[in-house]
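Could you build the full structure based on these sequences and the hints that come with them?
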Amino acid sequence: MHGFRFVQVHKSFGSNRVLRGIDLDVAQGECVLIIGGSGSGKSVMLKLISGLLAPDRGRVFVWDAEVSAMHEEDLVPVRRRVGMLFQSGALFDSLSVFENVAFPLREQGGRSEEEIKAVVEEKLNDVGLTGIGERAPSELSGGMRKRVALARTIAMNPAIILYDEPTAGLDPANAKRISLLIRNLHAKLRCTTCVVTHDMECARIVGGRFAFLAGGTIMVEGPLEDIEKNDTRELRAFLGWDGGLE
Amino acid sequence: MFTRCAAAARDASLALGDFGMFTWRSLKTCVRTPPRLRHVLDQMDRIGVDSLTIVNVCAIFIGIVMTLQTALELVRFGAHLYISRIVGLAFLRELGPVFTALMISGRVGSGIAAELGSMQVTEQVDALRAMGADPLKHLVAPRLIATVVMVPVLTMLADVLGIAAGMVTAYVALGIGPAQYIAACLESMVTLDIMSGLAKSALFGALIGFIATYIGLSTERATEAVGRSTTKAMVACAYAILVGDFVLTKTFFLLA
Numbered sequence: 001m002h003g004f005r006f007v008q009v010h011k012s013f014g015s016n017r018v019l020r021g022i023d024l025d026v027a028q029g030e031c032v033l034i035i036g037g038s039g040s041g042k043s044v045m046l047k048l049i050s051g052l053l054a055p056d057r058g059r060v061f062v063w064d065a066e067v068s069a070m071h072e073e074d075l076v077p078v079r080r081r082v083g084m085l086f087q088s089g090a091l092f093d094s095l096s097v098f099e100n101v102a103f104p105l106r107e108q109g110g111r112s113e114e115e116i117k118a119v120v121e122e123k124l125n126d127v128g129l130t131g132i133g134e135r136a137p138s139e140l141s142g143g144m145r146k147r148v149a150l151a152r153t154i155a156m157n158p159a160i161i162l163y164d165e166p167t168a169g170l171d172p173a174n175a176k177r178i179s180l181l182i183r184n185l186h187a188k189l190r191c192t193t194c195v196v197t198h199d200m201e202c203a204r205i206v207g208g209r210f211a212f213l214a215g216g217t218i219m220v221e222g223p224l225e226d227i228e229k230n231d232t233r234e235l236r237a238f239l240g241w242d243g244g245l246e
Numbered sequence: 001m002f003t004r005c006a007a008a009a010r011d012a013s014l015a016l017g018d019f020g021m022f023t024w025r026s027l028k029t030c031v032r033t034p035p036r037l038r039h040v041l042d043q044m045d046r047i048g049v050d051s052l053t054i055v056n057v058c059a060i061f062i063g064i065v066m067t068l069q070t071a072l073e074l075v076r077f078g079a080h081l082y083i084s085r086i087v088g089l090a091f092l093r094e095l096g097p098v099f100t101a102l103m104i105s106g107r108v109g110s111g112i113a114a115e116l117g118s119m120q121v122t123e124q125v126d127a128l129r130a131m132g133a134d135p136l137k138h139l140v141a142p143r144l145i146a147t148v149v150m151v152p153v154l155t156m157l158a159d160v161l162g163i164a165a166g167m168v169t170a171y172v173a174l175g176i177g178p179a180q181y182i183a184a185c186l187e188s189m190v191t192l193d194i195m196s197g198l199a200k201s202a203l204f205g206a207l208i209g210f211i212a213t214y215i216g217l218s219t220e221r222a223t224e225a226v227g228r229s230t231t232k233a234m235v236a237c238a239y240a241i242l243v244g245d246f247v248l249t250k251t252f253f254l255l256a
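Sequences listed follow chains A and B, in order. Here the working numbering is used: the first residue of the first sequence is 1, the next is one more, and so on. Here the working numbering is used: the first residue of the second sequence is 1, the next is one more, and so on.
Some hints here could point you the wrong way.
Under the rule of at most 16 Å between Cα atoms (straight-line distance), these lysine to aspartate or glutamate pairs were calculated in the EDC-like manner [to be verified]:
1) B:K28 - A:E73
2) B:K137 - B:D42
3) B:K250 - B:E94
4) B:K137 - A:E72
Hints listed in this document are in silico derivations from the structure and should not be mistaken for laboratory results.
So, in structure tokens, the structure goes:
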């Protein structure tokens with residue numbers, strides 16, 4: 001069964017052609033890491049999966065539903081099963097940590113306050129943050145904010161989780177903690193996982209199928225060993241192996 | 001030159017069309033999926049209660065200055081008894097609704113645009129959408145309802161305070177008794193004066209709500225864009241209030 005699928009997807013912003021015919025097929029339960037330099041269109045791919053952006057050409061499928069052809073209202077049931085961790089965490093400043101994690105649960109409805117409380121505590125515990133429910137996002141460190149955002153993302157038990165630069169702006173210890181958390185959550189939840197990153201340390205820890213994005217296309221695809229053996233100029237430049245820095 | 005004008009006209013008409021669609025979708029959201037009462041009350045508190053001081057101070061000083069300025073001319077003709085009529089009607093029909101709305105647009109309209117703009121820049125609006133939540137329901141509707149309700153409430157308060165400040169000034173400066181002042185003031189007022197003032201302020205509230213939320217949610221993904229949106233919202237609200245005031249005044253004159 002497909003988790004999500006890109007079929008000849010093109011996306012431009014003004015004169016900037018970001019994606020130029022992306023084809024990618026990810027199976028349900030698979031973990032895929034999209035790597036590439038800044039501005040290569042990695043985050044755009046995630047936003048296309050969750051329907052936050054629409055492609056100019058081509059089709060994007062989540063399971064068998066073509067999200068690229070759906071209206072905003074029709075996307076709601078899909079989005080409730082697709083969790084997305086944003087680069088900045090995107091916690092709601094005006095809500096407490098508890099309210100942030102409870103938000104998607106309340107939005108979906110059908111749960112009592114006791115049930116919501118239990119789920120929130122469980123998810124905060126999953127990300128290693130217990131007893132901080134009453135704190136405001138502004139009182140948290142960058143790493144904690146990311147983990148709270150992750151707790152909010154997994155609150156709905158999504159079938160697909162999208163991570164947009166999960167380690168961006170974090171110190172090495174926190175980056176490693178988040179990377180391990182992603183790997184453990186993938187193993188525990190068995191959901192389709194898509195991590196967009198340019199942090200190769202994070203990519204190595206999480207593991208899975210790699211897709212290297214450059215020039216608007218998926219240039220190289222495969223396990224880490226294949227990626228590291230590949231001698232494509234763009235990939236070697238991205239990994240810093242072309243001697244360009246010297 | 002012609003090409004630039006044509007491009008500007010095209011951009012303006014596109015923006016107007018987009019704003020029209022936004023207004024329509026927001027209204028539909030308010031009716032079909034109303035926001036939580038708690039969110040609306042929160043916004044009413046922030047928009048209404050927190051604006052009390054600025055609106056009240058403004059109304060009191062306008063009442064005082066208006067009375068003094070009017071008195072200066074009317075006393076020369078021995079027509080000082082008309083002061084309360086002029087101040088009362090001016091406040092009910094124009095000064096109360098327009099000044100209150102301008103104060104609110106400066107304090108609240110720009111605040112809404114800045115808040116929503118920041119949410120846009122920090123991807124909070126995208127996060128809402130990604131969770132299957134409707135930004136119109138969570139962000140626009142509570143603010144819209146709050147401005148439509150609170151601007152008339154603040155206007156009524158401003159009317160009362162402005163007229164009262166005029167009364168005190170008339171007593172202190174001209175020796176016009178409060179009872180005489182109020183009687184003359186009430187005598188000159190008709191229901192249409194009160195209703196037209198309140199209708200105006202409700203429309204101004206809606207304009208502030210629609211324009212500020214639209215500009216806030218249209219903010220580009222850049223920090224300096226938040227500042228631009230804030231200024232843009234304040235200026236656009238002020239223009240809309242002045243144009244709306246002219247249209248409504250003309251309409252009420254025709255109705256009367």
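So which hints don't hold here, by number, going up? The structure breaks none of the hints.
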